[in-house]
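Trainee: Residues in the sequence shown are numbered consecutively from 2, following the numbering used here.
For the record, the hints were derived by calculation from the structure and aren't laboratory data. It cannot be assumed that every hint is accurate.
[What the hints assert, rightly or not] Just the calculated beta-carbon pair ranges, DEER-fashion:
#, residue 1, residue 2, range
1, E220, D49, 29 to 39 Å
2, K228, D84, 48 to 58 Å
3, I25, R3, 16 to 26 Å
4, L43, D125, 20 to 30 Å
Each residue gets a CB set at the ideal place from its N, CA and C atoms; glycine is no exception.
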Amino acid sequence: MRQDIDSALKGWEHKPGLLQARLINAKDGREVLQMRLDLGILQMELADRPDGSRPHSFATYFDYLKSKAMAAELAGRQFTITDEQAQESDREFMQFYQRRICWLALGEYGRAVTDADHTLSFMDFVRDHSPSEAFTEAHEQYRGFVLFHRSQAEAAALAEDDDAEGAVNALRRGADQIRAFLTSSDPDAEPDSDPMLAQLAHLEEEIRQKHGVKQTLEEQLAQAVEKEDYETAARLRDTIRRKGERRTESSGGA
């Protein structure tokens, strides 16, 4: 039985500097995600752990650690990540990063948001149960980058659904989160000069110009509150709420 991957590599030449990803059907019929590397192919599952494993019978290692933390809390103990658990956590962080960038490259924006949310929640958990300040900082340094990816993906998904205003709001929320993170990490930082924020601002301006978005409902609401025009603010809140409900119903129906 042949065990080389020549047939898989054939016709898919590696291009340095370009992230190459594709969705294909495996022999058993399931769909898998592949990333082309200089020395081969990285293959990932589409949901839960990218490597398809179930750590301690859980969908992800993060789920397993949450169960450990809950058990410790019920027993009146504080849960702290061990060195071995830290290594396994890093493996999962890397796997979800690799899959996230593939989703972005393929324009699978909803899936990119899902994987970014997993990583951000896992980062929160690590911060709360870290064995050391160094381990915390090793992960927190990437929070802004994950928020950047998430903001891009959410905005792109909304723009594809013809919700340009929602896309603008997503970019502005993401920029605010990144700005807050940068400021909390370094009080002397000048976040507005950060390239990630500059890129989000550029994307926002592109969407505004392309779709004629002058002022979003959220921006109008903020302006009404600032002017203490509470009647207008109440009306805008109701409009935003109804719009959100319609989007939720539409997503559920899909």
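Trainee: Taking the hints in turn, state whether each one holds.
Mentor: Against the structure, the hints:
Distance hint check for E220 and D49: the Cβ-Cβ separation is about 38 Å, which falls inside the suggested range of 29 to 39 Å. For K228 and D84, the Cβ-Cβ distance of about 55 Å falls inside the hinted range of 48 to 58 Å, so the restraint holds. Range check, I25 to R3: about 19 Å between beta-carbon atoms, so the 16 to 26 Å window is met. At about 27 Å, the beta-carbon gap between L43 and D125 stays in the expected band of 20 to 30 Å.
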